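Asks: Sequence:
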Amino acid sequence: LVVSMLGASLGVAMANQRNTTLVPGFNLIGGPLFADIAPDDFMACAPDGSWEVIYIWNAENQTWRHYFNDSGSLPDYINDVEAGGIKKIPQLSGVVVIMKTQWTNPYVPDDASQITNCG
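For the sequence shown, my numbering gives the first residue as 1, with consecutive numbering after it.
Careful, some of the hints might be misleading.
The calculated label-pair distances, taken between Cβ atoms and stated as ranges, are [to be verified]: (1) Pro-75 to Thr-104: 31 to 37 Å; (2) Asp-48 to Gly-85: 31 to 37 Å; (3) Asn-61 to Asn-117: 30 to 36 Å.
Calculated from the structure, these hints are not laboratory results. Keep in mind that this is a model prediction, so the values were computed, not measured. Here a beta-carbon is modelled for each residue, glycine too, at the ideal position from N, C-alpha and C.
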């Protein structure tokens, strides 16, 4: 309810939504609605090279988890779960996306089966 009331003023987007713009820098978006999803699948529709990293808050451990957009230049362990990496983005979680470039009318899948809906 709060997101729907304040979303526009807070820069909050929701998964599977196309009526917002993700801008360079910090963006808070809603996580998957239907199922946990791998970070690469969650960001599969983003333009190549448009985002740097995503973060989720792990309330159980009171820590931030991360997933870097790896173009092959990062060490192999950077997204490893043991190093604080995200294995799956939990259903209904909040996701911080750090964008490099603007993404107008973004489409973020709610589950892996929706990746074919990009575009």
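Asks: Does each hint fit the structure? Answer for all of them.
Replies: To see whether the hints hold, each was checked on the structure:
no.	hint	in the structure
1	Pro-75 to Thr-104: 31 to 37 Å	holds, 32 Å
2	Asp-48 to Gly-85: 31 to 37 Å	violated, 21 Å
3	Asn-61 to Asn-117: 30 to 36 Å	holds, 33 Å
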